[in-house]
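Counting in my numbering, the sequence shown runs from 126 upward without gaps.
Hint data in this document are derived by calculation from the structure and do not stem from the laboratory. Accuracy of the hints is not assured; some may be wrong.
List of simulated lysine to aspartate or glutamate pairs, EDC-like, C-alpha gap at most 16 Å [claimed, not checked]:
no., residue 1, residue 2
1, K144, D161
2, K309, E266
3, K199, D168
4, K183, D161
5, K183, E139
6, K183, D138
7, K195, D168
Quick caveat: nothing in here was measured; it's all calculated off a predicted structure.
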Amino acid sequence: MQSDDYVVHILDDEEAVRKSLAFLLVTAGFAVRVHDSATGFLDAAPAIGRACLVTDLKMPDMSGLELLEKLNAKGLRVPSIVITGHGDVPMAVAAMKAGAVDFIEKPFTDEVLIDAVRRAARRLDPATNDNDLLALRARFECLSEREQQVLAAVVAGLPNKTIAYDLAISPRTVEVHRANIMSKMQARSLAELVRMTIALGLGDNRN
Numbered sequence: 126m127q128s129d130d131y132v133v134h135i136l137d138d139e140e141a142v143r144k145s146l147a148f149l150l151v152t153a154g155f156a157v158r159v160h161d162s163a164t165g166f167l168d169a170a171p172a173i174g175r176a177c178l179v180t181d182l183k184m185p186d187m188s189g190l191e192l193l194e195k196l197n198a199k200g201l202r203v204p205s206i207v208i209t210g211h212g213d214v215p216m217a218v219a220a221m222k223a224g225a226v227d228f229i230e231k232p233f234t235d236e237v238l239i240d241a242v243r244r245a246a247r248r249l250d251p252a253t254n255d256n257d258l259l260a261l262r263a264r265f266e267c268l269s270e271r272e273q274q275v276l277a278a279v280v281a282g283l284p285n286k287t288i289a290y291d292l293a294i295s296p297r298t299v300e301v302h303r304a305n306i307m308s309k310m311q312a313r314s315l316a317e318l319v320r321m322t323i324a325l326g327l328g329d330n331r332n
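Can you build the whole structure from these sequences, using the hints too?
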């Protein structure tokens, strides 16, 4: 999808952050609009057309998660990327269940954000999204039964020692399984792995 087919909306209460992210994305060829409050964006959302959203998680008037939930309640599906300086797995799961395409922890590289925006834009094309889901399902089916069990525990936010105890294996074996899972699923980060499991409808499953 061409980057001029949609607008990337940047939402952050800090002006310096808005300017920095806008400069990065404009330089990468995206059409950009900035917003300084979640309330303001929510009011404007019905008229934004084809769009993606990059939003901070913690803001004074409304959190990024609350914003996504309110957008959903209004029937407004805006592919979104949530940025945070203090992320964890349960928070990432909650954000993605609310419609976030990605959950990015600071600090991040330019390429991570640009890739996330492009991935979010793909959600605007249902046919492309269906193809992505088929490919993702094929990767998941390549996991062994034990790897699927470890995956479910990892995205539930359990530490390696707890996973090892629950599955009666060693922590080192858990580490090996996690590495294999990341490789087979082609996930570059834990947040991306969580995104994949949510897309597959596996976020709540534990084997």
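Hint by hint, which ones does this structure get wrong, listed from lowest number up?
none
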